[in-house]
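Protein chains in written order, with our numbering: chain A, 1 to 119; chain B, 120 to 237.
Honestly, I wouldn't trust all of these hints.
As the list claims (entries may be wrong) - Derived DSS-like pairs (lysine-lysine); straight-line CA-CA distance at most 25 Å:
| hint | chain 1 | residue 1 | chain 2 | residue 2 |
| --- | --- | --- | --- | --- |
| 1 | A | 114 | A | 38 |
| 2 | B | 137 | B | 174 |
| 3 | B | 122 | B | 190 |
| 4 | B | 190 | B | 137 |
| 5 | B | 176 | A | 111 |
| 6 | B | 176 | A | 3 |
| 7 | A | 118 | A | 16 |
| 8 | A | 3 | B | 174 |
| 9 | A | 16 | A | 38 |
| 10 | A | 38 | B | 122 |
| 11 | B | 137 | B | 172 |
| 12 | A | 111 | A | 3 |
For the record, the hints were derived by calculation from the structure and aren't laboratory data.
Residue-level listing of the chains:
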Amino acid sequence: AQKVTQAQTEISVVEKEDVTLDCVYETRDTTYYLFWYKQPPSGELVFLIRRNSFDEQNEISGRYSWNFQKSTSSFNFTITASQVVDSAVYFCALSEGGVGGGSQGNLIFGKGTKLSVKP
Amino acid sequence: DVKVTQSSRYLVKRTGEKVFLECVQDMDHENMFWYRQDPGLGLRLIYFSYDVKMKEKGDIPEGYSVSREKKERFSLILESASTNQTSMYLCASSLWPPDRGGSYNEQFFGPGTRLTVL
Numbered sequence: 001a002q003k004v005t006q007a008q009t010e011i012s013v014v015e016k017e018d019v020t021l022d023c024v025y026e027t028r029d030t031t032y033y034l035f036w037y038k039q040p041p042s043g044e045l046v047f048l049i050r051r052n053s054f055d056e057q058n059e060i061s062g063r064y065s066w067n068f069q070k071s072t073s074s075f076n077f078t079i080t081a082s083q084v085v086d087s088a089v090y091f092c093a094l095s096e097g098g099v100g101g102g103s104q105g106n107l108i109f110g111k112g113t114k115l116s117v118k119p
Numbered sequence: 120d121v122k123v124t125q126s127s128r129y130l131v132k133r134t135g136e137k138v139f140l141e142c143v144q145d146m147d148h149e150n151m152f153w154y155r156q157d158p159g160l161g162l163r164l165i166y167f168s169y170d171v172k173m174k175e176k177g178d179i180p181e182g183y184s185v186s187r188e189k190k191e192r193f194s195l196i197l198e199s200a201s202t203n204q205t206s207m208y209l210c211a212s213s214l215w216p217p218d219r220g221g222s223y224n225e226q227f228f229g230p231g232t233r234l235t236v237l
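Okay, chain B solo, but in the shape it has when bound:
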């Protein structure tokens, strides 16, 4: 089974702190994604990566950066945390390109990190 793990389920940080959220997948997936989830807004893509050291901005990259030094690990960094970054953060991974059968591969999600910035 695909497994996506995130370093913490709950995290409390102070305004201005540098925050690292780690995500690891064990299925050799090329694609990895970071989303944030807020009530009434659904899931919004922050950044994604389709290869080691490659990254692309999603819909809401401001205030965030990412790092992918190894294929299995994708880190989300809040350089200077602010209260409006209090949210649920979800990591996902997927195979790319689609498998030989042409079937489009779904994203597999981690359990999420609920970050509170005080």
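Here chain A stands alone, though its shape is the one from the complex:
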């Protein structure tokens, strides 16, 4: 059965600290996709990144970086030099199967990690 676990419910840091948000997933599929979304206080989920199961390269985008490790079924997200604007709830999500798979693009979300960055 598919599952996404975000063990950290809430994290509070001071501005300029680095912070890592953990995500552990479970799936039996060999083809799957992982996502991170940000939900600021305004409420709308904003897509941050997508990774497929065949691409284990880490990715960096500005202050954001993602570490995908199939061996530990983890897809962790690091914010370097955090800023107050990073305060949000962050969701990790999983989608199984490629084209022809049964998921039809459905996402399984973790419960989210609320990040508070204080000035």
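Chain B: place on chain A using the hints.
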């Protein structure tokens, strides 16, 4: 840019009322989804639709129904609202199948409707 709009940001209804939540997307996406979001529970899928007039139950369909008469519009219906349906409701859409490059398309979300049932 993909735009997903929801008919209301805030809605207050009474127990027993019939409630319609509307969602419209402007990017010709095949897939549309309705989620509810509750503290500590994350996002849970209520229903999704992969084509006009097609619908599939998600994880928590009880007490809800949906309608998709046009490709761009996906409605969530609470036949008889109850207090335990007080929640944030999020609509999303995505392209299906994935694009020609094989890249899996992400879901685009609307701003959400915060529904309170009294």
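Checked hints:
no., hint, verdict
1, A/114 / A/38, "10 Å, holds"
2, B/137 / B/174, "20 Å, holds"
3, B/122 / B/190, "14 Å, holds"
4, B/190 / B/137, "23 Å, holds"
5, B/176 / A/111, "20 Å, holds"
6, B/176 / A/3, "18 Å, holds"
7, A/118 / A/16, "9 Å, holds"
8, A/3 / B/174, "23 Å, holds"
9, A/16 / A/38, "19 Å, holds"
10, A/38 / B/122, "17 Å, holds"
11, B/137 / B/172, "21 Å, holds"
12, A/111 / A/3, "10 Å, holds"
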